[in-house]
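Chain residues, written in single-letter form:
There are 2 protein chains.
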Amino acid sequence: WARAVRGLLLDVSGVLYDSGGDGGVPIAGSVEAVRRIKASGLKLQFCTNETQATREKFVKKLQGMGFDISVAEVTAPAPAACRILKERSLRPHLLVHNALIPEFAEIDKANPNCVVIGDAAENFTYANLNEAFRVLIGMEKPVLISLGRGRYYKETDGLKLDVGAYMKALEYACDVQAEVVGKPAKMFFESALAEMGVPPQQAIMIGDDIVNDVGGAQRCGMRALQVRTGKYRPCDENHPHVKPDAYVNNLAEAVDIILQQL
Amino acid sequence: WARAVRGLLLDVSGVLYDSGGDGGVPIAGSVEAVRRIKASGLKLQFCTNETQATREKFVKKLQGMGFDISVAEVTAPAPAACRILKERSLRPHLLVHNALIPEFAEIDKANPNCVVIGDAAENFTYANLNEAFRVLIGMEKPVLISLGRGRYYKETDGLKLDVGAYMKALEYACDVQAEVVGKPAKMFFESALAEMGVPPQQAIMIGDDIVNDVGGAQRCGMRALQVRTGKYRPCDENHPHVKPDAYVNNLAEAVDIILQQL
Chain A
1409 WARAVRGLLL
1419 DVSGVLYDSG
1429 GDGGVPIAGS
1439 VEAVRRIKAS
1449 GLKLQFCTNE
1459 TQATREKFVK
1469 KLQGMGFDIS
1479 VAEVTAPAPA
1489 ACRILKERSL
1499 RPHLLVHNAL
1509 IPEFAEIDKA
1519 NPNCVVIGDA
1529 AENFTYANLN
1539 EAFRVLIGME
1549 KPVLISLGRG
1559 RYYKETDGLK
1569 LDVGAYMKAL
1579 EYACDVQAEV
1589 VGKPAKMFFE
1599 SALAEMGVPP
1609 QQAIMIGDDI
1619 VNDVGGAQRC
1629 GMRALQVRTG
1639 KYRPCDENHP
1649 HVKPDAYVNN
1659 LAEAVDIILQ
1669 QL
Chain B
1409 WARAVRGLLL
1419 DVSGVLYDSG
1429 GDGGVPIAGS
1439 VEAVRRIKAS
1449 GLKLQFCTNE
1459 TQATREKFVK
1469 KLQGMGFDIS
1479 VAEVTAPAPA
1489 ACRILKERSL
1499 RPHLLVHNAL
1509 IPEFAEIDKA
1519 NPNCVVIGDA
1529 AENFTYANLN
1539 EAFRVLIGME
1549 KPVLISLGRG
1559 RYYKETDGLK
1569 LDVGAYMKAL
1579 EYACDVQAEV
1589 VGKPAKMFFE
1599 SALAEMGVPP
1609 QQAIMIGDDI
1619 VNDVGGAQRC
1629 GMRALQVRTG
1639 KYRPCDENHP
1649 HVKPDAYVNN
1659 LAEAVDIILQ
1669 QL
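Line by line, the protein sequences are chains A and B. Just so we're aligned: 1565 in this note's numbering is position 157 of the first sequence, and the numbers increase by one with no gaps anywhere. Just so we're aligned: 1428 in this note's numbering is position 20 of the second sequence, and the numbers increase by one with no gaps anywhere.
You may find that some hints are simply not true.
Just so you know, same-sequence chains aren't split out, so a pair can sit in one copy or run between any two.
Stated by the list, open to error - Taking lysine-lysine pairs in the DSS-like style, the calculated list, with each CA pair at most 30 Å apart, reads:
1. K1568 <-> K1517
2. K1549 <-> K1651
3. K1465 <-> K1562
4. K1639 <-> K1549
5. K1568 <-> K1594
6. K1562 <-> K1549
7. K1468 <-> K1562
8. K1562 <-> K1639
9. K1465 <-> K1451
10. K1451 <-> K1651
11. K1639 <-> K1446
12. K1451 <-> K1468
None of these hints come from the bench; they were simulated from the model. Since we're looking at a predicted model, the values are computed, not measured.
With these hints in hand, go ahead and build the complete structure from the sequences.
In structure tokens, the structure reads:
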């Protein structure tokens, strides 16, 4: 599975670092692994569903942990959503995390004709959900754009409902299907590949999420590895629908194998 | 459609009265219509999805508007849920309206092994939703009981998401299917019929909700009328799946026609 590779797509949380506490801790060997990928001449793009911060802040956090990473190397849902909004002249009502709002600074938000929902965390109040719902139900043909479809995630103070759960609530109430931006959407992986200029057949996705990373990338024609770090659980290896091209213990091991084949 | 009737099931909100403001206003002719049903000797049961108040409070409000109604005549989701909880030795974590909590006074709630969700309104906070989610996801086989599956409803200050939307959020996050108590669940209509001692072939449901009242009752073998009051909208008459046995302008008109046939 490691042959004829020209580019790598890396998930971030759970592959580069474990989140929690005051930001997170690098996973052993990952800082060095990113450096080795870059030194090898392989193309590299980071592909994240992170929507609790702007890419600027997110990259700064990773640089602070020692990672060689820049904003241009990060494919994230909010900028992808902004491209869609511009292309289709959509003016969003935003139900997102406060820290994400600057990503939409250049977007016209007056008199909204769609709703964009992200992992709004504490902004998922009864009042805010009703407000987003009213904007949607008031449209002749409701347009709901969701920054991911995650079910839940873990923080230091426990499990939290992710954006996908709130997306489902609005979908049901308005009898509409959300357009998902972010993994596992095909268009999202394709835009990351386009950034690298590498066709799917020559790219490998490395992630910890069996459905959103591995399944999504494979549906685009890429190979995909699951790391046994982050949200990986042993029962993932019996997943009824998705089978990675290989399992690796962590990013460092994946990079070892791939670089040997070059 | 009005022949060989022995019992009537009446929806309450939108059929007897319109909610809003400080409680609601009787729909013209409805107080008298209830009186005429009782005088005719027909069996009568009220069948509501109301979960923002105990039956006691709900009945008191209706009596205050002039309706001849008693607690025993009301089939509502919370008491139905209590029967299920007792039968199956389930101890609920409650995510419901504060005013509904007394309905569960006699139910053991220690060390919960299921979640009961109702229209919790202001109690649908981010923290409370995460808490209900954690209780569910922590179970080997999550049990979610939902007091209705409504999408939304109208109050004087605007449209509000109903319990069904939050039910869908938890269903998706926990990959579980909720057990719905209340209309349109078959068992709920059947328990209302049992209260009257009338078989479905001899009963008519009268409601304003094309799916939950009309569709639900018809699936139980009952006839069902839609009134053109309450949440009725002209587009209901083109519903792709549900066709009432008849439309009537309001409850009074339905009772006129039914009593003529006796």
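Now for the hints, and whether the structure bears them out:
{"no.": "1", "hint": "K1568 <-> K1517", "in the structure": "both (28 Å within a copy, 23 Å between copies)"}
{"no.": "2", "hint": "K1549 <-> K1651", "in the structure": "between (37 Å within a copy, 24 Å between copies)"}
{"no.": "3", "hint": "K1465 <-> K1562", "in the structure": "within (20 Å within a copy, 41 Å between copies)"}
{"no.": "4", "hint": "K1639 <-> K1549", "in the structure": "between (37 Å within a copy, 21 Å between copies)"}
{"no.": "5", "hint": "K1568 <-> K1594", "in the structure": "within (26 Å within a copy, 34 Å between copies)"}
{"no.": "6", "hint": "K1562 <-> K1549", "in the structure": "between (35 Å within a copy, 20 Å between copies)"}
{"no.": "7", "hint": "K1468 <-> K1562", "in the structure": "within (22 Å within a copy, 46 Å between copies)"}
{"no.": "8", "hint": "K1562 <-> K1639", "in the structure": "within (8 Å within a copy, 41 Å between copies)"}
{"no.": "9", "hint": "K1465 <-> K1451", "in the structure": "within (23 Å within a copy, 67 Å between copies)"}
{"no.": "10", "hint": "K1451 <-> K1651", "in the structure": "within (25 Å within a copy, 60 Å between copies)"}
{"no.": "11", "hint": "K1639 <-> K1446", "in the structure": "within (26 Å within a copy, 62 Å between copies)"}
{"no.": "12", "hint": "K1451 <-> K1468", "in the structure": "within (21 Å within a copy, 71 Å between copies)"}
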